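Participant: Oh and the sequence shown: position 335 is 335 in the numbering used here, straight run, nothing missing.
Incorrect hints may appear among the rest.
Derived DEER-like restraints, expressed as beta-carbon distance ranges [to be verified]:
#	residue 1	residue 2	range
1	A286	E48	36 to 42 angstroms
2	P347	E386	49 to 55 angstroms
3	L15	L85	20 to 26 angstroms
To be clear, the hints were calculated from the coordinates, so they are not data collected in a lab.
Model, not experiment: these values are computed from the prediction.
Beta carbons: idealized from backbone N, C-alpha and C, even for Gly.
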Amino acid sequence: MLSKIGIRNFKPKHLVFFVFLLNTFSWYSFSSLIMNKITGTLIEGSLESLSLQLAYPVSIIVSAILASFLLNYLHKKRFLLLWILAGVVSSSASVLLINSSLGIKLLIAAFMGSSLGIGMPTLLTYFTEITPTENRGKIGGATFFATVMSAIFFIMFFQGLDLTLNAVALTGWRGWSLAIIHLVPEQMKPSEDFSKSKRMYTGFLNRTFLLYFATWLMFTLVSGFGANIVAFYGGDYRNRFKLIEPAVAAFSGLIGGIFCDWIGRKRVITFGFVSLGLAYAILGLASEVWFSWLFFYVIDGVALGILWMTFVVVLWGEISHHNIPKSYAVGEAPYFLTGIVSSILAPFTALISRTSAFSLAALFLFVAVIPLMYVPETLPEKKIRERELKIYIDKAKKVKEKYA
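Please construct the entire structure, taking both the sequences and the accompanying hints into account.
Facilitator: Structure, rendered in structure tokens:
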């Protein structure tokens with residue numbers, strides 16, 4: 001797949017971490033499906049249900065941030081091995097979510113979340129260090145594409161199974177990545193452009209980081225709120241178009257990754273925000289028309305693919321050169337906040353009228369674009385110009401061959 005989307009200088013070590021990213025993100029999707037199954041058996045809106053919904057994402061966020069500050073000096077290959085083993089154990093322990101007390105369920109959910117979050121900053125730091133800047137978007141997009149497709153497979157084939165079989169499948173899925181851990185080099189050599197790059201950013205909480213983070217956080221809040229209002233006001237349409245959104249998101253992440261390496265991260269992110277704001281605005285004006293909902297799910301899929309690929313995989317490692325694990329840990333937190341926001345705001349959804357709800361979502365998305373006006377492009381200008389020059393040279397060669 002990677003060679004077919006135009007990635008140059010692709011090496012076996014890139015494939016290794018592509019596989020690790022795919023396994024990890026799809027494992028998160030699968031484990032989220034299991035957590036949703038468990039909470040679905042509880043009384044909706046109850047304290048037990050809310051506690052379990054919050055335990056998993058909160059443990060991911062807290063463990064990732066703590067690990068990024070405390071585990072920088074460990075042997076990275078050995079740490080990756082222990083991290084994957086922890087994921088295998090927590091996957092097996094998920095079978096205890098059945099017919100257990102609330103305390104046991106919360107412990108298992110926190111264990112599963114921590115076994116994901118504790119290693120994510122390290123894995124994504126590896127990805128940033130070894131991947132050439134001009135290929136980072138493509139590999140991130142290919143990872144997202146494969147992740148979403150595998151998630152659709154999990155939903156279709158495992159949703160009807162009982163939780164015991166789900167736990168066995170989850171354990172097996174996390175465990176197969178152990179087969180390639182020996183391919184990780186003992187000493188990882190950063191890519192040439194990463195070693196030579198001189199960043200203008202000092203600490204990871206620099207101005208650029210904070211502006212991008214504010215934009216990303218705003219999207220998270222709108223996404224969590226929007227998930228509630230879309231489910232509440234468009235239940236029938238949601239069931240009808242539920243597979244359109246993830247399918248579009250998969251291809252959007254793949255294509256968005258290519259454009260990220262062509263025209264830059266900032267322009268692609270801006271397009272994602274503006275298009276999603278427009279989709280919410282159209283719902284606010286014509287929510288009774290079925291085509292408005294179809295248009296929304298298509299555009300929402302486009303935006304999700306673009307923003308997930310850039311903000312979760314690509315962007316944070318390019319902002320903080322010497323504090324990449326911390327940057328990834330803090331920068332990814334809003335992604336896991338989406339479910340938390342959705343759970344907290346769910347009781348208040350019915351209090352806001354349909355038109356007002358969609359209009360507010362559109363307004364906040366357009367406001368979120370304002371910080372993007374003041375941030376620099378993280379893809380070096382030199383890379384953009386080199387690609388433009390290459391395209392120009394290729395066109396000139398074709399013209400020459402035509403008239404030669």
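Participant: Taking the hints in turn, state whether each one holds.
Facilitator: Results for each hint:
Evaluation of the 36 to 42 angstroms hint for A286 and E48 yields a pass: the beta carbon distance comes to about 39 angstroms. With their beta carbons about 53 angstroms apart, P347 and E386 fall inside the hinted range of 49 to 55 angstroms. Here the CB-CB span from L15 to L85 is close to 22 angstroms, well matched to the stated 20 to 26 angstroms.
Checked against the numbered hints above, the structure breaks none of them.
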